[in-house]
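Using the hints provided, position chain S relative to the given structure of chain V.
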Amino acid sequence: MKQLMYDPLNIVICGIGGQGNVLAAELVASAMNDLEYRVAEGETYGAAQRGGSVMSHVRVSADTDLGVLIPAGEAHFIIGFEPLETLRIARRYANPETKIIYDPRPVYPQSVLRGRTVYPDLDDLKAEIASLCSKAIEVPAADIALECGDSRAANIALLGAFSCLEGAPLNTKELEETIAQRFKGAVLALNQKVFAMGCEAAKR
Amino acid sequence: MDWTLTTNAPGKTVLMQGNEAIVRGAVESGIHFAASYPGSPSSQILGMLGKIAKERNFYAQWATNEICAFQACLGTSFAGARSICIVKQNGLLCIGDALFCAAQHGIKGGVVVVTSDDPSAHSSTNEFDSRHMALSASIPMLEPTDMQEAKDMVPYAFEISERTKQVVIIRLTTRVCHGRGSVALGPLPEVQRKLDVVDEWDRMVCVSFRHQVMLDTLEAVRDLFEESPYNHYTGPEHPEKLIVAGGTGCLYTKEALHLLGDPADVGLLQLGTIWPLPEKMLLEKLRTAKSVLAVEEVDPFLEDAILKLAGREHLDLQVFGRNEGTINRVNELDPDHVLPAVSAFTGLPMPPRQKTSDVPLLTRDLNFCAGCPHRATFFVLKQAMRREKVPGVVVGDIGCYYMAGSEAGQYGWQVNNCMGSGINVAEGLGQLSAYGMDQPVVTMCGDSTFFHTVLPGLCNASYHNSNMLLIVLDNSATAMTGFQPHPGTGLTAMGDEVKPMSIRAICEAMNCTVEEADPFEIEETTDLLSGLMKRPGLKVLIMKQPCATLMAKSRTEKVTVWVDQDKCLGDGCGCDRFCSRVWGCPGNSWDFKAGKAVIDPVSCVGCGVCAKLCPQGAIQVKKEARV
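In the order they appear, the protein sequences are chains V and S.
Residue numbers 1 to 204, in my numbering, belong to the letters of the first sequence in order.
Residue numbers 1 to 627, in my numbering, belong to the letters of the second sequence in order.
It should be emphasised that the hints constitute simulated quantities derived from the structure, not laboratory data.
Incorrect hints may appear among the rest.
Here are the simulated lysine to aspartate or glutamate pairs, EDC-like style, with alpha carbons at most 16 Å apart [stated by the list, open to error]: (1) V:173 / V:150; (2) S:12 / V:34; (3) S:593 / V:121; (4) S:558 / V:121; (5) S:534 / S:407; (6) S:194 / S:162; (7) S:355 / V:128; (8) S:12 / V:36; (9) S:534 / S:557; (10) S:553 / V:128; (11) S:355 / V:97; (12) S:165 / S:219.
Same shape as in the complex, but just chain S:
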């Protein structure tokens, strides 16, 4: 809802997603510049900023990768602009070098980095705790408890950033990004902040003598954080039992205490300023406490900090948390982990619950969407591999095709490191052919990943003529995170049309052998792929077929797919239920009563590929003009 982002209605309460709250906070801060590369759970932030950028007179960019995004923010800061960079946890690691250098050279206009951690790795390959980056880079970090704080912390972060000339990070987690809550709006700035004229003698340089300055800045921020409105204490003045909570842990703890009867003897310290910690405030409560429970997302960051303080101050204190084991060490916090932990910590009994069966229920594996071109690509790849005397090695990468490592993609790849890694891992393997490894080496990347981090790797692999094949899965979108534009699409975040870059032309300029294919042309593409794997040197195969979700949206005709029940021979066919068992598209279902294939009309998007593969030709496709 765009109006909630740009309406000047201070005090009005609206329902906002955490990601929307960050957008609103950025608008209330009067930003000049925003840049990001998409990454769940915070992908929506820049998309929304891009839509309202022209109306609010700032610039918003989907950058080619996170490093471009963050360093562009530093550039605008040099002219006094306020800028915001949005990354997910892995993106924060990507900008590591730039972040550590920025911490040392400092900034001019406010720079705020919003990072989203994904506890339980709902849409990630791994869990990561961004707080370690703040600690090691000596950069201040804030963490909101709810959507209201997510909004309010953005202008606060800019204020801290400009007062101390330091970058400030706001750490979000998935439940804040994707959750919704009631948010009271603040005022929008009436006049845009003026930019500075860059003076001939202005400097922003990372040099080692700035190390002490950086450490002094951190102490200055700590003093500010001692008085921060985002740290709250409730409970007895001198608690014996103290819970210290950050982020989502705060509300889960409050509810757990409520369900346990609101014990009067337990103190709750909610910390919004995560780094540097307000030590005076923390110590005041720790000095009287006998036991402390830390409730926090991902790693025992607060728990360790409390242990360190207790050691330094010689406090007789028992510390509980994720490392000690009262709370789950891996996966996200939720009320069902926090409630038993608070119950154990306080000694209060758990509320009763009805008994339920413990017979396990079937779980659901992830699958490519109906009509997804990746399903066809990995089927083709498996077919081509089966033709080889010795099986080849397949190296994966990060995108929707990550799922190809499972049954959904014929267990299609064997190695996966991080985004943009496939080309480099394969390059190394490809160099072993001179030393006795004669297996074909194949890797892949999506079109957005190609621009993000594959370019330097391809440059390296081509220059050193590694024996390998790179398949570019060109579905014309950054599909996994919600169809953000990239340099191959010809669109920008602000909706401007620009000249798109050709992946083929880039590969050719890097002296690669390039072919293009349509993964939906199963036989032809299998032959082409098979031939390419046998050729020495570096080859690139661009698989062109748009993302099924995009295709279904843009299609003008109505397509109906069904199974001719007379033609389908069921289990008597000998195809081993190819459509539902091997092909495995959600549109291909099975009628267990009739023992025949059926199309699930709810899932099917009408790509028609299964009709080409059915050995009996039983799957029918009808196309008609949409009314």
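The following block holds chain V by itself, in its conformation from the complex:
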């Protein structure tokens, strides 16, 4: 068992209901379980209907059983599907050592589309996210997935990027193996392509 950079190591995955957040968290959690760490994972999917904010917490330890929720300020990694949601989570869970991977593509809340509110300035969002952590990397995950033919694969692009981060508990090879075990046929081929492109985007 590799020594974790932090113990417990805490990851928050955040986005909007229907984006594949829960699957991404489950892939990371089960890969860590297979490596014989103690794992706890919490999913908030009351807002599983499209449109609500959702987040998953993944927690890993060499030997301690943990609650499924991460205390405020204790996330080591944040994976975000959307900039406003990433900022919401960064404000609550980030600390000066946190690393963030996120898709900068805004998804407008209904109140914005209906003309009741205005979406925050994207540059302001990005600047505030960057100010709350040690490193914030933008990965155009939804664009990558759409380009490869299925927008639902955005979660895999983000995981590809995550595996390339320094200190990530799973390296690219380990996560690739998890994906190869989980998917089959054309879906696997698509996910492998998306994963590699996510990884490339993070390195750039």
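For chain S alone, kept in the frame of chain V given last:
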């Protein structure tokens, strides 16, 4: 992952959801029978049991409602079978009468009820604390801390149930149901337990002289719970400061104590046996304590029990908790509420945190999925209502269409009580037309809710010819909880095909006037609805259009929807951005730079309804065969 549920690999550690852990626990217990009606957060349990039932040689059923499910379990118990009934908090209230009677008549084969509370009401209309049911019904209750205990408590609950001839409830909360954790598997039984032959003189009857027996049973269970492996104490032998925690509160408290520097003078008593409480064990620690903090989900159940014990035993004790105010009184526990509470209780300072902006961020309201037929139904209903001189009254019910009460459904209904209530509330209103109320009365229910609790109400409303319209939102699924079958679908939990029941035929047999419509045919359906509202007596309108998620899964062709940027006139159109502002489907977005409508290709499922509604005909739909 089915193999983790049925593989006989004792000692192997796997990652399991709390709901999966219950399934595994049931399989390790060698159950004969399982029944449930779907309700979040525990909906997945019976779905998984149904899939493995044939392999493990037991019976699993998606029952029409919770009462059917629980009473069927009682039936199998009479022949010595082990049965498990899974309900959510509201379902537990549904089976109240049956539960109280069962507690008094007792059982033969083990009966375990798994109930899931939903603190913060993530997927519910209200918060509820099931522990009150255990207390008032005199039924033993267990509550796991994590996924391992969730699994292990199932065989333990069966053992207690059979030893004491009493139903046992396991209380879960959302974070246990939907959380995942490492679980070490136990052995699977090699031979199936034998059923009993029911003797001519066997009885299982609720009669008042059993009251004392029931109370004696509870005391016998209390003695067993004093020795239970699910209550743990850590800390000094005679603590002055004591934290008593149940369920998720245990792990949050442990972590809070760790973040506060692991104080040596604070004791932590984790209780897995919630009712009846192991009083001797509790009192042993309370006698030396000067202050106690209770950390628990939803209501101050333990806090009140400790106050009662302190009063009875004349203890000089300060009691803190959710009622006293150290912990949030409403909404679920989480580390960010428990840590400050433990900090305040112990007097240890909070760990430092980086400062963040307190400028509020936009929140996201819930919305119907892209392509959801309910969006069309509530648009049609609003259009029809606008044609009336006086607006009608709309009564809601429980299902995905609960969201229609908000902007997502044009603020479509005004009253909502509980599941199956719409028909009865509307029936009452509909009887007022003879007394001066001349507004149309409309209510609704989903197809699964129709079978669950609407049937008796419809019988009543039709027999008494109330002036009202029931809209059955028939999307061919129990969509909200994950597409479980119901009597209208022709499928069972174990995957068998059976003869489906026709909602139309049932309504007609109840002497109702019945019409059917497609909510996606906006104009035609608005006319039909408008006409029905004007007709006296009881009417039923069945809106037929499958759930968008089901439709997207089963569709064979590839559909692309886009906005012709030359045809869309933007804000100059006069439509007030109908597609994104009024229709409000997540697939309809707006390009704020260009000032024109766009389709969000990530969300759009290609139902094409918005194309019919765009006044400029700017929204284009292309269908092609899937490669």
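Next on the checklist: Check the hint pairing residue 173 of chain V with residue 150 of chain V against an upper bound of 16 Å on the C-alpha distance.
Outcome noted: Given that 16 Å is the threshold and the Cα spacing comes to 23 Å, the pair is violated.
Item to check | residue 534 of chain S paired with residue 407 of chain S [C-alpha distance capped at 16 Å] | outcome: 26 Å, violated
Next on the checklist: Run the distance test for residue 12 of chain S versus residue 36 of chain V: straight-line Cα separation, threshold 16 Å.
Outcome noted: 11 Å, holds
Next on the checklist: For a C-alpha distance cap of 16 Å, please report whether residue 165 of chain S and residue 219 of chain S respect it.
Outcome noted: 13 Å, holds
Checklist entry - Given the proposed pairing of residue 12 of chain S with residue 34 of chain V, does the C-alpha separation stay at or below 16 Å? => result 11 Å, holds
Item to check | 16 Å limit on alpha-carbon distance, applied to hinted pair residue 534 of chain S and residue 557 of chain S | outcome: Violated - the C-alpha atoms of residue 557 of chain S and residue 534 of chain S are around 40 Å apart, more than 16 Å.
Next on the checklist: Just to be careful, I want the Cα atoms of residue 593 of chain S and residue 121 of chain V compared with a cutoff of 16 Å; is the pair within it?
Outcome noted: 13 Å, holds
Checklist entry - Does the alpha-carbon distance linking residue 558 of chain S and residue 121 of chain V stay inside the 16 Å limit? => result 35 Å, violated
Checklist entry - Is the hinted pair residue 194 of chain S and residue 162 of chain S satisfied, with a Cα-Cα distance of at most 16 Å? => result 14 Å, holds
Item to check | Distance restraint between residue 553 of chain S and residue 128 of chain V, which requires alpha-carbon spacing of 16 Å or less | outcome: Between residue 553 of chain S and residue 128 of chain V the Cα gap is close to 39 Å, so the pair fails against 16 Å, i.e. violated.
Checklist entry - Quick one, are residue 355 of chain S and residue 97 of chain V close enough, alpha carbons at most 16 Å? => result Given pair residue 355 of chain S, residue 97 of chain V holds - Cα atoms ~14 Å apart, limit 16 Å.
Item to check | Restraint check for residue 355 of chain S with residue 128 of chain V, where alpha carbons must lie at most 16 Å apart | outcome: Holds. Residue 355 of chain S to residue 128 of chain V sits at ~12 Å (cutoff 16 Å).
This entry does not satisfy hints 1, 4, 5, 9, 10, going by the numbered hints stated previously.
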